[in-house]
Amino acid sequence: MPKSVYIHIPFCKSICSYCDFCKILYNEKCASLYLDNLEKEIKERYKNEEIETIYIGGGTPSALSIENLEKLFKIIKIFNLSPSYEFTFEMNVSDINKEKLELLKENKVNRVSVGIETVNPKYMKFLNRYNYKEDVEEKITLLKRYFSNINLDLMYAFQGETLSDVESDLSFVINLKPQHISIYSLIIEEHTKLYVDKVKPIDETLERDMYYNIIEILEKYGYNHYEISNFSLPHYESAHNLVYWNNERYYGFGLSASGYIDDFRYTNIKSINMYNEGIYKHEEEKISKRIDMENELILGLRKIKGISKKHFKDKFSSSIEDNFDIIDLVKNKMLIDDGENIYIPKDMLYVSNSILVNFIGGSND
Amino acid sequence: MDKSHIRNFSIIAHIDHGKSTLADRILEKTHAVSEREAKAQLLDSMDIERERGITIKLNTASLKYYYKGEEYLLNLIDTPGHVDFSYEVSRSLASCEGAILVVDAAQGIEAQTLANLYLALDNNLTIIPVINKIDLPNADIEKVKKELIDLIGFDDDEIVLTSAKTGVGIEELLNRIVEKIPSPTGDEKAPLQALIFDSIFDPYRGVVISTRIFNGTLKVGDTIKMMETGATYEVVELLINTPKEVKKTTLTAGEVGFISASIKSISDVKVGDTITLAKDEAKSPLPGYKPMKSMVFCGLYPIESSKFEDLRDALAKLQLNDASLVFEPETSTALGFGFRCGFLGLLHMDIIKERVTREFNIDLITTAPSVVYEAILTNGDKILVDAPTKMPDKTVLKEIREPYIRTSIFTPSEYIGPIMELCQNKRGIYVSMDYIDPTRVNIHYELPLSEIVYDFFDKLKSFTKGYASFDYEMIGYKPSDLVKMDILLNGEIIDALSVIVHKDFAYTRGRCVVQSLRKSIPRQLFEVPIQASIGNHVIARETVKALRKDVLAKCYGGDITRKRKLLEKQKEGKKRMKQVGSVELPQEAFMSVLSMDSED
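Line order of the protein sequences matches chains A and B.
Every letter in the first sequence is one number past the one before it in the numbering used here, and letter 27, counting from 1, is 27.
Every letter in the second sequence is one number past the one before it in the numbering used here, and letter 549, counting from 1, is 914.
No wet-lab data here; the hints were simulated from the structure.
These numbers come from a predicted model, not from an experiment.
Beta carbons are placed, not taken as given, at the ideal position from N, Cα and C, and that holds for glycine.
Treat the hints with care, as some may be off.
[To be verified] Simulated restraints, written as ranges between beta carbons of each label pair:
(1) A:E321 with B:R906: 36 to 46 Å
(2) B:E937 with A:T205: 24 to 34 Å
(3) B:G782 with A:D347: 36 to 46 Å
(4) A:Y46 with B:A911: 42 to 52 Å
(5) B:D823 with A:K122: 40 to 50 Å
(6) B:R906 with A:G160: 42 to 52 Å
(7) B:Q944 with A:S148: 26 to 36 Å
(8) B:G938 with A:D347: 52 to 62 Å
(9) A:K281 with B:E857: 49 to 59 Å
(10) A:E189 with B:I794: 21 to 31 Å
(11) A:D347 with B:G841: 53 to 63 Å
(12) B:G831 with A:P201: 57 to 67 Å
(13) B:E937 with A:N107: 43 to 53 Å
(14) A:K331 with B:E937: 41 to 51 Å
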């Protein structure tokens, strides 16, 4: 039973060089039409389950005008929200203002995620993202008056970046005292400006040093490293994202959104014109039990605590060991089995694909 | 058909001198194929042949040709062109009375032109010299004519000028075949003697034999007997290839064709054996072939160990029409169960590897090719060492000998310097140099065979911009100061990476090998020390650094499907690698041990 909802708002006011999400430049009319179709899609698919987490991401959801935001929140009222819900809304620094924050607050948003990425002027042009320290400080201070569960996103591993550059971005963000920090190494994905510009990734050893340095600093400041790229103060883990990593069911609504309902993982169409003509779904794949078990490991081992052996056995009526050959991995210290959980040790996190690749192999029938 | 109207012949040439195109033109000229069917190079029926432009498997075509109003049957027996396949060439030639010697009008005589010519002369064949590609802008017909006259001793008026591309001279060539090549002799009433010169395995017919009838008559329904193996079968079909299959009721002395007799057991048919009739046996078999000695050995191991039996089956099927392939089971601590295979040369090895992978769908790891050494023990025994791991311990070893070859390197004289330098670096001993004309020479060196199995030919080509051609003959064994060099990964000796090297070159080789291994072994999750050692003495060391980063930084909702694809791709890459102890090795790593290019 799905208990989570992801809603994609594909509009942005400018395009960042690294972004390979589905996005288009903001247009008031187009956005309004989009919301009409979003409503239709939700009504078509949603079966009134109780919803524990909602995540509105993008794109830039905060780029919507007040009118369109009101329209969006009216749609959200369709959902039957659980009493202990988490409702996250993604914002750009420049969109943070009293009016929008009040509207969010009135409409049950209780968690805000802000993309900072960097406050170092050296890399703003590179990312095509301009968040100056002074602005960020002012806006986050305002934001904190309304919300007490805030995530800030950071990035690292830009061309030319040094360990101390990473540290100064990081200490700036720590000083803002958010409840949650996500920090990602830059990935040069196809179909991005960086890729077209043939930007090369930085030296792997340096990148690895940055990563482990980040963990050390954040842990020192009381942030709990709970997923490869995510940190939080105690009890502020992202409940919504944990649904993904726990391989649980969720709805995805909107352009290019994906979801996992019953035995199907599906992805919506990526063309705004087709979406606005009422064609939502693009492809779906039936998930066999074997693939589901593989996904349980591939996703679950992103969590620092790993996977509960008992939970796995309860869920699939068969143990991890019965389905995967983990003896050698445990012997070679690529996996730790502490009796209750199976997890990837910290020093192996940055090469975790080399471990996960051992779990791939099932066919989807 | 009356024997006097049959001509059996082959075409011999240096590689790329246009043999296959000439064969195609002959087929067209004799109307054996319509233009529509005239796919490029018809006789090369295997994919690999067509891709590599090399004729590997023998093929025979029976063609009708009218000369002065009379019908003749021309049997064209195709031969492979590469030096590695001289054994198959001689098999083909034993079934012919004549051979067309093709020389490229721009290249002139090359190393294999001579090698193949000598094979033909050994078989007492009538030779028709042909200068082909006369349409080329850089053709130098007079110069090539002079070479044929001066070097081999042909008369000016014997030489036929052709362009297989445009068709010029083909008719003259066909007439010359009828006029000059003797018709086959033999008595159709005598007891049957038919030479098996090739065979293939057909999934529907079983083993199909290519044969030349020397004496007697063979009919459908006859019970035949293989004189060496003693096996008997009833003839189901007799066929000729025109090059469409045509069924015949009889084959008589002088004729060439195919026999299908529901032969299921591959080992009953030995190329070179003589077929006779069970009820009227010939007194003696035809002279067969000397089994060709394998020159190069290597281990073939299935990447998936469960495919060992499939590999055995594949090798047995390939051996059927490639008697020169030998194999026996071998066990390696590092690689598990596989086969030690013997080949005529490197190209032969490559082709077998490729056919196993392509036709039988078995992914392989091959160990570095090695030659056969002779070890003389202190007790006087002589043993053959065809794998480095079989090298006897030095306490019982009196002497080790290695096979030497004598080269013929045809080259424009401006490349003499680089070629001599190359040969010196390969432990060569200079013998002599013959000037073919003021601008071309034939250089003779004596070289250890082990030095040419790896990159000699590639280097020769690159040093001479492709102008040099190369052929060699075995001249026997010479004592040599050789030692076994072991390679250790993570402190463990990997038997499949051991190699036999000359003592004086061991340090340099050791350094090259570990450097090359460092480059070919992908980063692993842990640091991998690579060492080269002789005895217990480490002579070179490198380290494969540990993998630093292999992570999906971001993975949310829809990413799982995409990320799975990434992992699946990664897994495919892993599949092509062999887990050896704790290290994953790609195929290139096994060839690295032959590396001779140092970084410093």
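Hints, one by one, checked against the model:
1. A:E321 with B:R906: 36 to 46 Å: holds, 39 Å
2. B:E937 with A:T205: 24 to 34 Å: holds, 27 Å
3. B:G782 with A:D347: 36 to 46 Å: violated, 56 Å
4. A:Y46 with B:A911: 42 to 52 Å: Given a distance of about 48 Å, which is inside 42 to 52 Å, the answer is holds.
5. B:D823 with A:K122: 40 to 50 Å: holds, 48 Å
6. B:R906 with A:G160: 42 to 52 Å: violated, 35 Å
7. B:Q944 with A:S148: 26 to 36 Å: violated, 52 Å
8. B:G938 with A:D347: 52 to 62 Å: Violated - the Cβ-Cβ distance for G938 (chain B) and D347 (chain A), about 23 Å, lies outside 52 to 62 Å.
9. A:K281 with B:E857: 49 to 59 Å: Once the Cβ atoms are compared, 54 Å apart, the range 49 to 59 Å for E857 (chain B) and K281 (chain A) holds.
10. A:E189 with B:I794: 21 to 31 Å: With Cβ atoms ~60 Å apart, the hint is violated.
11. A:D347 with B:G841: 53 to 63 Å: Given about 59 Å between the Cβ atoms, the range holds.
12. B:G831 with A:P201: 57 to 67 Å: violated, 39 Å
13. B:E937 with A:N107: 43 to 53 Å: About 48 Å separates the Cβ atoms of E937 (chain B) and N107 (chain A), which means 43 to 53 Å holds.
14. A:K331 with B:E937: 41 to 51 Å: violated, 25 Å
Figure legend: structure checked against the earlier numbered hints; hints not met, in rising order: 3, 6, 7, 8, 10, 12 and 14.
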